[in-house]
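Protein chains in written order, with our numbering: chain Z, 1 to 307; chain H, 1 to 143.
A few of these clues could be false.
[What the hints assert, rightly or not] Below are the SDA-like pairs computed for lysine to any residue, each with C-alpha atoms no more than 20 Å apart in a straight line:
#1 Z:231 with Z:173
#2 Z:231 with H:115
#3 Z:231 with H:72
#4 H:112 with Z:237
None of these hints come from the bench; they were simulated from the model.
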Amino acid sequence: MAFPDIIPLAIPAFVLLILVEMLAWRFSGRGDFETRDAAASLIMGLGSQIAPLFGGAAIKLAILYAAYEQRFFTLPTTWWLVVLCFVVDDLRYYWWHRISHERRWFWASHVVHHSSQHYNLTTALRQTWTGEILAALLFKAPLALLGFHPLMLVFVSALNLLYQFWIHTEMIGRMGPFEWVFNTPSHHRVHHATNPKYLDANYAGTLIIWDRLFGTFVPEDEEKPRYGIVKNIGVFNPFVIAFHEWIAIARDVISAKSWREVSGYLFGPPGWSPDGSRLTSAMIKERWRRTDREASSEGGPAVHPAE
Amino acid sequence: MTGNLVLDLAISLVGIAILVLISYFLGALRNAVVTEAAAMERIAGDEPDFKPTDWLIDSGGKSAIGVSGEGEAVIVFSHGDRLASRRFKTGERAVSHDGALITIALDELALKALSCAARDETTAAHWVGVLRGRDVNSRDGVS
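Next comes chain Z alone, as it looks inside the complex (with noise of 0.2 Å):
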C-alpha cells in the first residue's frame, strides 16, 4: 500500500479555499483578516515545511524506523489498520497538542500556530519551525514501537493535520450532532480563545472524543472568543514569531539562580516564574474566578471606568 505526502498536493485547495473565505469575508462581513496578520500566516505555513528538510524530518524518520525495527507486534498494512492507525494517532495527537499547552519547552513551537489574534483559513498554515524531534521521539515511536509502519504514521498524521485546516474558520457555526463526535470549527475557535474561561480547552485533533473523555471540553458559548495569546507578541515578523520562545526560554535558562529555576523554566508549564510574578493559564483562571466573583458582589462590572 503505497502513502502519498498528501500536504503538498492539498496547497492548491488551500489557496482555493483562503480566496473563497477572504471574499466571503469582504462582502457577507462574517469572519475577519488583516493583511499583514495573513501574509506573516503564510509565511510561517511555507517555512514549516522546508525548516525539517535541514534534517529534521530525516531524524524523524529514522526515529520511526529504528522504533519499528524493535517492533512489539508485525502488523499487516490493511485499509482497516490505516483506520485504526488514525484513531490511534488521533488520541497520539490528543497528548501531544495538550502537553504542547502545559509544558514551555513544548510551547515554545506551539506558541507559533496561536500567535495570531486573528481567526482564519491562513491561521491554520501557521506552523512552527521547529519541534519535530523530541515529538517524534517520546510520541510517535511508541505507535512504531506498536507495529505502525512508519510511512503509515507519517501519512495519518498528514490527514489529521488536513481535516484541521477546514475547522480554522468563522464562517461555519454550530455543527450539530457532528460535533459530539468531530471537532469543529466551533470547538476549535474556543482552543484559539484566550478568554480565561476556554483556556486550554479542546486539544482534540479530529475527534472531539478525547477532550470529553479526559475532562478538557469546553463549548463554546454566547462569550465571543478573542483570539491570540494571553500575551500577544505585538510583530508580524516570521523569525520573531518562529523563536521568540526560545529565545525567552534561554535568556530565563540564563538567569536562572537554581536548578530547580531551570527545570521550571524549561518545563513548568508556559508563564511559570520562581516568584509567580509571572501568570500561568491555572493562575489566570484564578483570577478570573476573583474577579468575577468580586463583580458579582459589587453588582457592577469588573472593571471600573476611567476617573
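With chain Z held as given, fit chain H onto it using these hints.
Positioned in the frame of chain Z, the structure of chain H alone reads:
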C-alpha cells in the same frame, strides 16, 4: 509540487504574494486606533483585575497608557487592526520622554520599547514621573 525545491519555493512565494495582494485590495490592511474605550475593552479582557484611574491616549491613536492607584500601569498599543497590552509596576521599567513623546522600555525580543505621544512636553514629563513611581494623584497642575 514539481519536485524541484527552488521552483516549488518560487511558486509558493508567488502564491503567497497573490493572496496577500488580494487581501490588500479587499481592504484588509487596517490599523486599529487606540481610544480610551478601546483600551478599556482590551484591558477588561487582558487584565480584568487592573482598575485604571487615569489614561494618557497617544495623540496619533497608536497607544494608550493607563495607571491604577495601586502602583501599576498598562500600555495598550495597536498591532495591525488589533490591540495588545503590557502591564508593569510603576518604577519597574525604564521610562523617558523626548519632548512630548514618552518611551517605555520593554526589553522583549519583539518589542524593545513602546511609545506614546502626549499632547505637550509638560504632560509627558508628568506621566514619566507617574510611570517612574511618583504618586499618581500629584498632578502638578496637569489636566
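Which hint numbers doesn't this structure obey? 1
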